[in-house]
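As you go down the protein sequences, you meet chains A and B in turn.
Each residue of the first sequence is one higher than the last, beginning at 312 in our numbering.
Each residue of the second sequence is one higher than the last, beginning at 312 in our numbering.
Everything labelled a hint here was simulated from the structure, so no lab data went into it.
Treat the hints with caution; some may be incorrect.
One copy or any two copies: either way a pair holds, since identical chains are not told apart in the list.
[What the hints assert, rightly or not] Computed list of lysine-lysine pairs in DSS-like fashion (alpha-carbon distance at most 30 Å, straight line):
hint, residue 1, residue 2
1, K328, K565
2, K402, K482
3, K620, K313
4, K482, K689
5, K565, K536
6, K689, K350
7, K620, K402
8, K482, K620
9, K565, K689
Every value quoted in this text rests on a predicted model; they were computed, and no experiment measured them.
2 protein chains.
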Amino acid sequence: MKIGLLGCGVVGSGVLKIVDGMQDSSFAIAKILVRTPAKITEACMTADPDEILNDAGINVIVECMGGLEPARTYVLQALQNGKSVVTSNKKMFALYEQELRTAAAEHGCALRYEACAGGGIPWIHELERIRRIDGISSVRGIMNGTTNYILSNMTASGMQFEQALAEAQAKGYAEADPTDDIDGYDVRSKTAISAMTAFGMPADPGDIPVFGIRTVQAQDLAWGKAHNRILKLIGRAEHTNGSLSACVMPVFLKNTDILAAVGSNLNAVEAVSDTLGPSMYIGQGAGSLPTAHAVVQDLLTIRDGCLCKEPEARVPVSESGRTAQYYVRTVNPHAFADITAEKADTNILLSREITLTELCTYIEKASDSSLFIAEVEK
Amino acid sequence: MKIGLLGCGVVGSGVLKIVDGMQDSSFAIAKILVRTPAKITEACMTADPDEILNDAGINVIVECMGGLEPARTYVLQALQNGKSVVTSNKKMFALYEQELRTAAAEHGCALRYEACAGGGIPWIHELERIRRIDGISSVRGIMNGTTNYILSNMTASGMQFEQALAEAQAKGYAEADPTDDIDGYDVRSKTAISAMTAFGMPADPGDIPVFGIRTVQAQDLAWGKAHNRILKLIGRAEHTNGSLSACVMPVFLKNTDILAAVGSNLNAVEAVSDTLGPSMYIGQGAGSLPTAHAVVQDLLTIRDGCLCKEPEARVPVSESGRTAQYYVRTVNPHAFADITAEKADTNILLSREITLTELCTYIEKASDSSLFIAEVEK
Chain A
312 MKIGLLGCGV VGSGVLKIVD GMQDSSFAIA KILVRTPAKI TEACMTADPD
362 EILNDAGINV IVECMGGLEP ARTYVLQALQ NGKSVVTSNK KMFALYEQEL
412 RTAAAEHGCA LRYEACAGGG IPWIHELERI RRIDGISSVR GIMNGTTNYI
462 LSNMTASGMQ FEQALAEAQA KGYAEADPTD DIDGYDVRSK TAISAMTAFG
512 MPADPGDIPV FGIRTVQAQD LAWGKAHNRI LKLIGRAEHT NGSLSACVMP
562 VFLKNTDILA AVGSNLNAVE AVSDTLGPSM YIGQGAGSLP TAHAVVQDLL
612 TIRDGCLCKE PEARVPVSES GRTAQYYVRT VNPHAFADIT AEKADTNILL
662 SREITLTELC TYIEKASDSS LFIAEVEK
Chain B
312 MKIGLLGCGV VGSGVLKIVD GMQDSSFAIA KILVRTPAKI TEACMTADPD
362 EILNDAGINV IVECMGGLEP ARTYVLQALQ NGKSVVTSNK KMFALYEQEL
412 RTAAAEHGCA LRYEACAGGG IPWIHELERI RRIDGISSVR GIMNGTTNYI
462 LSNMTASGMQ FEQALAEAQA KGYAEADPTD DIDGYDVRSK TAISAMTAFG
512 MPADPGDIPV FGIRTVQAQD LAWGKAHNRI LKLIGRAEHT NGSLSACVMP
562 VFLKNTDILA AVGSNLNAVE AVSDTLGPSM YIGQGAGSLP TAHAVVQDLL
612 TIRDGCLCKE PEARVPVSES GRTAQYYVRT VNPHAFADIT AEKADTNILL
662 SREITLTELC TYIEKASDSS LFIAEVEK
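Using the sequences and the hints given, assemble the complete structure.
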């Protein structure tokens, strides 16, 4: 197996390190795409993608460039040239999975994405494996290490969001532009990918409601503490009667929920299936070597033979009657009067059991940019 | 694939149910061995093992009879007849793995044992999968649902061991003779099997020191609570500089350890490896359907092609200098005077950092049948 590596940043350099260390003659990294000619430091590097994508000797492409374009075009071109692909680019893959999976099936290639959800956790693999036997009814989890680090730090210290974000950035757990993490978009991509793998029900990530932690404050965590609850950003998806419900939302978990004990920058994901019931997997959801480990697992799986089947058609995301109680902190509490079950403070209220769709109509009316929403676990 | 099922109790009936429900024509249960002719209720049942073991049409045997004999003899005979074997019999497999794995390799058969450790958790599979890339340095976990249920119940309610055991028996979580569970022998088998799989270092289970929870009392859990610690029965194994250290021991875990949050009858196992760091898997470690799920996963793995390699030779188990602090409750505290760092109560002491070997010399001298020992997590 001759591998072409697109991108040699955090994940790509990890892949290089692991493959080199394995000294397995059955696969080798033949060529590496770097962004500009100035970055070429070794003979196997090139800044010209065609040198890799059109090299008949290369049979697998590892894409860890990130970003939507040109990553999508390169992956598509690789598949059309009959090369199997492993990608760690969750945002791109969640958005374009229909097109890419169709191309892979058409050209008899493998297309694998273990690193796209759960990082080093064998999440995608275990979902596929459980499905050999069971139906899976739901998935949920802490799918973003940055926000888990921020919330864990705020919970432990009582510090404000801005300070916790700054500390996460200083430690390299958060990027300079943290939007994708703190607004929940990263978890949304992973939730879409998890639902696709667990239920065979792909969805447009844009259809999944997303609430992030940008507006969380120390007082919200204090409310949780007083009520024996821990706040985590949770991605979840359920499959009921052929319809898909999915959401990204901060959730006040009960202290006794195992997820509540998963701190630091760890990820934890859980599937509920017919004969296993709930099964949970915990580990590093990001970082160079854990993510690269997932990529190399995919390479080994491809080496041992595995192709991509035609994708299922995308399905709409619906609430299908799911109701919950919500914690709402707002400068405009009277906008929520109709659905308020309990006033916890001047600007904090607990809703009655409602659907997310119903809640959203009130959120729109409130028009409060500092609004913070979290689900209160049943 | 035509399957012969040996034993149709808790696990065997689960296997039957899952395989029937899958309606996968690629494998079917052809014959079932029951204990006595009186138990024959269907045409495919027999009380004569030779009817199954000598049936040339049957190519895989599932052994879930339990007990050492005749299970061992039947499995050996099946392998010698060229049939692959899946077993859920941890006690038998931990004891006789050398003989059985050698026979499997000799006759080109598969011999799989996912259900032997971690029940429904894909523990054995994930250890094998991690080892495709990483070296594994240690494994540890809550590997017994019965004792986890008892300790969780005692922690939550303050009740005494005898009552918690009786409740576990009433709920079907503990057997009438609970010796294997509460004295730690079940965890010892699983620890040996985990070490064999994780490090390629098999050991005689009899070489692994084992401390159970038969003598635990409410006051021990109270000590833990006062010190922000939760007591769990932990199996652990480490691989350092070519030597194997392993032990089964109650451990006062820190409240912040994720394992401390794993309550009820759940199991949780963790491996530490080169590029992943710690990764943890949580789920049902026993029960008909979860355990049967593991057996059927093995059947699918065999169907997709996988043979047994020659076993590695067994290695001795040593402490290799590992030290820890121990909690000792004894009617004879002066026997431990030399190693006492702190007296916590009239009959409770905390040792200084010592090796387990050293501790054992004092335990022998104390000659106290109500002695309770636990490690205090660093």
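Using 30 Å as the alpha carbon limit, work out where K402 and K482 are close: within a copy, between copies, both or neither. Only inside one copy: K402 and K482 sit 23 Å apart there, 47 Å across copies, limit 30 Å.
From the Cα coordinates, with 30 Å as the cut-off, is the pair K689 and K350 best called within, between, both, or neither? So K689 and K350 fail the 30 Å test inside a copy (53 Å) and across (46 Å) alike.
Please sort K482 with K620 into within, between, both or neither, judging by C-alpha distance up to 30 Å. Answer is neither; intra-copy 41 Å and inter-copy 45 Å both fail.
Given identical chains, is K620 near K313, meaning Cα to Cα at most 30 Å, within a copy, between copies, both, or neither? For K620 and K313, the Cα distance is within 30 Å both inside one copy (23 Å) and across copies (28 Å).
Pop the pair K565 and K689 into one bin, within, between, both or neither, using alpha-carbon distances up to 30 Å. both (8 Å within a copy, 27 Å between copies)
30 Å Cα threshold - placement of K689 relative to K482: For K482 and K689, the Cα distance is within 30 Å only across copies (25 Å; inside one copy 34 Å).
Intra- versus inter-copy proximity for K402 and K620 (alpha-carbon distance at most 30 Å): Only inside one copy: K620 and K402 sit 21 Å apart there, 41 Å across copies, limit 30 Å.
One pair to classify: K565 and K536, alpha carbons no more than 30 Å apart. Within, between, both, or neither? Both. Shortest intra-copy (10 Å) and inter-copy (20 Å) distances satisfy the 30 Å Cα cut-off.
One pair to classify: K328 and K565, alpha carbons no more than 30 Å apart. Within, between, both, or neither? neither (41 Å within a copy, 35 Å between copies)
Going through the hint list in order, the structure does not satisfy hints 1, 6 and 8.
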